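Student: Each chain, written out:
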Amino acid sequence: MRRRAFLKTAGTGLLALSSRVRRALAAGEPIRIGLLSPLTGVIAAGGRELVDGFNLYWDQVGRKAGGREIEVVVEDDASNPNTALQKARRLVEQRNVHMLVGDILANTGLAVAEYVKGNGVPYFIPVIAADDLTQRKRIPNVIRIAGYSASQSTRPLADYALKHGVRKVITVSQDYTFGHEQCGGFCQIFTEGGGAVLQQIWHPLNTPDFSPYLPQIQSLNPDAVFAMETGADGSRFIQQWANFGLKDKIRLFTSMNATDQSIIRTLGPEAEGVLSAGHFCEGRDDAANKKFVADYEKAFGKLPSIYAFSHYSGAMWLAQAFEAIGGKVEDRPRFLEAVRKIKLSASPLGREVSLDKYGNPVYDIYIRKVARRADGKLWNVPVEVYQGVSQFWKYDPEQYMKQPPYSREFQGIKKA
Amino acid sequence: MSMLAFNALNGVTFAALLFVVASGFTLIFGLMRIVNLAHGALYLTGGYIGLTVATRTGSFFVGAAAAAAAIAVVGFLTDTCLLRFVKGHDLRQVLLALGVALVLNDLALIVWGGDTFTVPVPPALQGPLQIGALAYPKYRLFVLAVSVLIFIGLWLVLHRTRLGALIRAGVDDLEMVDAMGVDIKRVFIYTFMFGSALAGLGGTLGGAFLSLYPSADVEILVFSLAVVIIGGRGSLVGAAAGSLLVGMLATFGQVWFPELAYFVIFGPMAILLAFRPLGLFGRAA
Amino acid sequence: MKRSAAAVLAAALLSVPLVLPGYKTSLATEMLIFAALAMSIDILAGYAGRTSLGHGALFGVAAYVVLYHVTVAGGDPWVAALLGIAAATVVATIFAVLAIRASGVYFLLITLALGMIVWGICQRWTSVTGGENGLRGAVRPAAVAGPAAFYYFVLAATALMAFGMWRFVHSPFGLTLRGIRASESRMRSLGYDVSLHLFVGFVVSGFFAGAAGVLYAFFNSFASPATVALAQSVEGLLMVIVGGVGTLVGGLVGSVAIITLQNFVSYHTERWSLVLGLVFIVTMIFAPEGLVGRARILLARHAARVREP
Chain A
1 MRRRAFLKTA GTGLLALSSR VRRALAAGEP IRIGLLSPLT GVIAAGGREL VDGFNLYWDQ
61 VGRKAGGREI EVVVEDDASN PNTALQKARR LVEQRNVHML VGDILANTGL AVAEYVKGNG
121 VPYFIPVIAA DDLTQRKRIP NVIRIAGYSA SQSTRPLADY ALKHGVRKVI TVSQDYTFGH
181 EQCGGFCQIF TEGGGAVLQQ IWHPLNTPDF SPYLPQIQSL NPDAVFAMET GADGSRFIQQ
241 WANFGLKDKI RLFTSMNATD QSIIRTLGPE AEGVLSAGHF CEGRDDAANK KFVADYEKAF
301 GKLPSIYAFS HYSGAMWLAQ AFEAIGGKVE DRPRFLEAVR KIKLSASPLG REVSLDKYGN
361 PVYDIYIRKV ARRADGKLWN VPVEVYQGVS QFWKYDPEQY MKQPPYSREF QGIKKA
Chain B
1 MSMLAFNALN GVTFAALLFV VASGFTLIFG LMRIVNLAHG ALYLTGGYIG LTVATRTGSF
61 FVGAAAAAAA IAVVGFLTDT CLLRFVKGHD LRQVLLALGV ALVLNDLALI VWGGDTFTVP
121 VPPALQGPLQ IGALAYPKYR LFVLAVSVLI FIGLWLVLHR TRLGALIRAG VDDLEMVDAM
181 GVDIKRVFIY TFMFGSALAG LGGTLGGAFL SLYPSADVEI LVFSLAVVII GGRGSLVGAA
241 AGSLLVGMLA TFGQVWFPEL AYFVIFGPMA ILLAFRPLGL FGRAA
Chain C
1 MKRSAAAVLA AALLSVPLVL PGYKTSLATE MLIFAALAMS IDILAGYAGR TSLGHGALFG
61 VAAYVVLYHV TVAGGDPWVA ALLGIAAATV VATIFAVLAI RASGVYFLLI TLALGMIVWG
121 ICQRWTSVTG GENGLRGAVR PAAVAGPAAF YYFVLAATAL MAFGMWRFVH SPFGLTLRGI
181 RASESRMRSL GYDVSLHLFV GFVVSGFFAG AAGVLYAFFN SFASPATVAL AQSVEGLLMV
241 IVGGVGTLVG GLVGSVAIIT LQNFVSYHTE RWSLVLGLVF IVTMIFAPEG LVGRARILLA
301 RHAARVREP
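Which chain is which? The protein sequence lines are A, B and C, in order.
Residue 189 in our numbering sits at position 189 of the first sequence; the count goes up by one each step and never skips.
Residue 221 in our numbering sits at position 221 of the second sequence; the count goes up by one each step and never skips.
Residue 231 in our numbering sits at position 231 of the third sequence; the count goes up by one each step and never skips.
No lab work stands behind these hints: they were computed from the structure.
Wrong hints could be hidden among the right ones.
Ranges of calculated distance between the beta carbons of each label pair, as one might list FRET restraints [as the list claims (entries may be wrong)]:
hint : chain 1 : residue 1 : chain 2 : residue 2 : range
1    : A       : Ala288    : C       : His268    : 29 to 37 Å
2    : C       : Val97     : B       : Ala124    : 52 to 60 Å
3    : C       : His268    : B       : Val73     : 28 to 36 Å
Calculated cross-link-like contacts (lysine to aspartate or glutamate; reagent style EDC-like; alpha-carbon spacing at most 20 Å) [unchecked claim]:
hint : chain 1 : residue 1 : chain 2 : residue 2
4    : B       : Lys138    : A       : Asp248
5    : B       : Lys87     : C       : Glu289
6    : A       : Lys163    : A       : Glu384
7    : C       : Lys24     : A       : Glu93
8    : A       : Lys168    : A       : Asp248
Predicted model only: the values in this text are computed from it and were never measured.
Backbone N, C-alpha and C fix where the C-beta goes; we use that ideal spot for every residue, glycine too.
Chain A on its own, in the form it takes in the complex:
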């Protein structure tokens, strides 16, 4: 029933397409981009930056690409999947956007992805990192431009830890898909490389108090702790870790979210020296990166977080795609094809970035350390780089996808 309706719509669509496109171009109709972002709710800070980063790029290029004006329509998803779905519907059905971009929390992204599965609207996700959206459950019109998959950057971190004498690790993580996937990536590489995961601590989101876990960790005497935290949990974990005196006793590795600017810019010495891995490193000495960081700092008075960075790069990606097809975004198959073929260079992402066969970018992943800049602000500087890391690490994709997706039960841990 669905398929028939879709084919019918597609058929009529194609027929109407050429005349519509001609009319649209002739009338100078803008390209409307529906930007979904959590401007209120638990991840409001990131949501604000997402919008700022996206708009910064368009402002810099005069709000034009591919010969058409660019109109960005922003809707708040309130950090809540029900609202995200409602707003996605409104953007597509009432505001007639040509594509959807954005969202931060995985559950909001999954809800919107399910919606666009049914109607073919392109949905671009520079931050939604749910592994399976570009693996086992990929949707043709959901593309992770300038984005990453959760387990992608924690694997090099595990490798780095092994290389630097860490043999026993404990993981502390927020108990939801993003946490499971980041930890899974870490644990699989760590145990396959001969390390041992002594324990995995899972806690609900918005845990005010990590103190119950800290004596447990201390008594097990690991070489290092990998903490997968985002948002307020990340801030609190890093502080409580230091307050309880563990900072100098056990090495701390975290997810890139925990050492993201959105967290460390309000922290102090407790955050210094914390190691994480990510494709974005604001302290990196690279021309395009430095320019972006400087521009952002000038416009908004703070260093950019991953949310700003991803959407700035995402906007750049889209702009190049618009150029490649002369602005004809109504021609969806061609548009999506163009997006998939982009090789993004001269972006803050660094090396030329392109998507792998499954729709996820391949990056250089930096092992980053939190350090103080000359003016006293905290930022991440690279201490090592892993080049050309894909979402599958060194595994063969088809083989890899045969193993179940990471979850609480399956963490890729290799039995000794």
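Once you've looked at the hints, dock chains B and C against the given chain A.
Tutor: Same frame as chain A, but now just chains B and C:
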């Protein structure tokens, strides 16, 4: 054994913060019969104000004092400008307070943004204190000390001053007090201001080790509700006992039953409401 | 007077997909679904005098059961609908047993606590509820898949439910509930089993909230902890209050008002929370009887004045 002691200390220090916040809540609920659903928003706003003042002046204590004072003013305005229109209508008061909570929360988001902030702690209170084999954060012990002082202070006010006697009498039998010709309106306003000030102070105290972020208000409100329901409306000892119970349940529940994180608090709360709505130490209205 | 108003309303509702096609039809569908939820809350709040902050949980439980049955268990949507309503009714029974002895603010708090327990379960029981991510998948029955067809289906269902609720509150049982709202002690002294009446009232109210939840599941094809959260109960309650507690039709008025406002506000700004809070405050101070309640007062005054000379 020491892990048990460590977690017990965690539970007690968390309970200490809860007490500071919940004591204000129970006073307002007890005397004025108002379930102040804006109490969490007062906590958060107080925390943000304390943060800003402490950062600007470089003094945590000035920040805390400013927070308490500012939120007392907010409380005064809420009571005299808004709540007076719905006096006597229990449910309308609750829903009005809910409206105030939503407004304050969004205003705070506009002013301070959504980043996670931590109130800066004076260097003397930073870092751990070595207690034998245990290293325990000095600041949390400080919060414990402060809450004990507040308990003593509140007890003295309630049992050794005229205002306190009026409040206690009002909690027990409001009509009687009113009939005796006491200017009950003034007592109400003072109580509301005082309760709000405690929330604001709690925000600064809590903001230093639990941090401040957009949903912190709902979280602390939920805890305060649990404390006051379990401890009993209008009872200081009830607030202390409730805080201790909830603090311990939250801490040990997190370690032993992480799956049941919410149950551990709402379960006892629902059961008490069903079978002993007055709580452990509450008196019938 | 009432007859012609009802006819106009019916005509307006029937013509929506023709006059306001596309997105506006789905908006109207949403208004009807939430009107049903609001009315179910009104049964207790308006007629039995018990204001609940837990009906969002009942609504959401039904939605979850429908999603689960169709997407996980591979069942039939209509069977899922029945299961959803049944589940909500069962949960309402549990809520009722625990909440019945309380009244006023304590009733509010206990339903709040129970709602939060349901939320906690949905949040943590990942293997069944999908946890944070919720459950998603196409669950709308094929027969009513298109937007116009679905709108008429929801319209018919809501009209049926509204009729059912109307009959309930105007039945002798419903009159007893109103007596309880007016004075519990009097009803008790007259020999009525107050607890039993309230219990049945709660369960019936939960039944209708569940039915609304089933419609929501069909509409949304998605359920997450946000569907059972406190915010959902609060929004439903606000619709009842803005529309008019104890008027039943106030549920529809409130739903239309709030959803329209929400649509309008979020077009211009993300400050919906602020606006919602102000609506609460203003309504409580200036129009606690709601729009319908206010209209009735004004009409009565007008009628009195007309009769005067």
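Student: Holds or violated: the 29 to 37 Å window for the beta-carbon distance between Ala288/A and His268/C?
Tutor: 36 Å Cβ-Cβ, so the 29 to 37 Å window holds.
Student: Tell me if the straight-line CA distance from Lys163/A to Glu384/A falls inside 20 Å.
Tutor: Roughly 12 Å between the alpha carbons, so the hint for Lys163/A and Glu384/A holds.
Student: Does Asp248/A lie within 20 Å of Lys168/A when you go C-alpha to C-alpha?
Tutor: holds (17 Å)
Student: Take a look at whether the Cβ-Cβ distance between Val97/C and Ala124/B falls inside 52 to 60 Å.
Tutor: 54 Å Cβ-Cβ, so the 52 to 60 Å window holds.
Student: Within a Cα-Cα threshold of 20 Å, do Lys24/C and Glu93/A meet the stated pairing?
Tutor: Measuring from Cα to Cα gives roughly 9 Å; hence the hint holds.
Student: Does the Cβ distance between His268/C and Val73/B fall inside 28 to 36 Å?
Tutor: Distance hint for His268/C, Val73/B holds at roughly 31 Å.
Student: Can the restraint linking Lys138/B and Asp248/A be considered satisfied, given a maximum Cα separation of 20 Å?
Tutor: holds (17 Å)
Student: For the pair we were handed, Lys87/B and Glu289/C, check the Cα-Cα distance against 20 Å.
Tutor: At roughly 16 Å apart (the allowed maximum being 20 Å), Glu289/C and Lys87/B satisfy the hint.
Hint violations for this structure: none, all hints satisfied.
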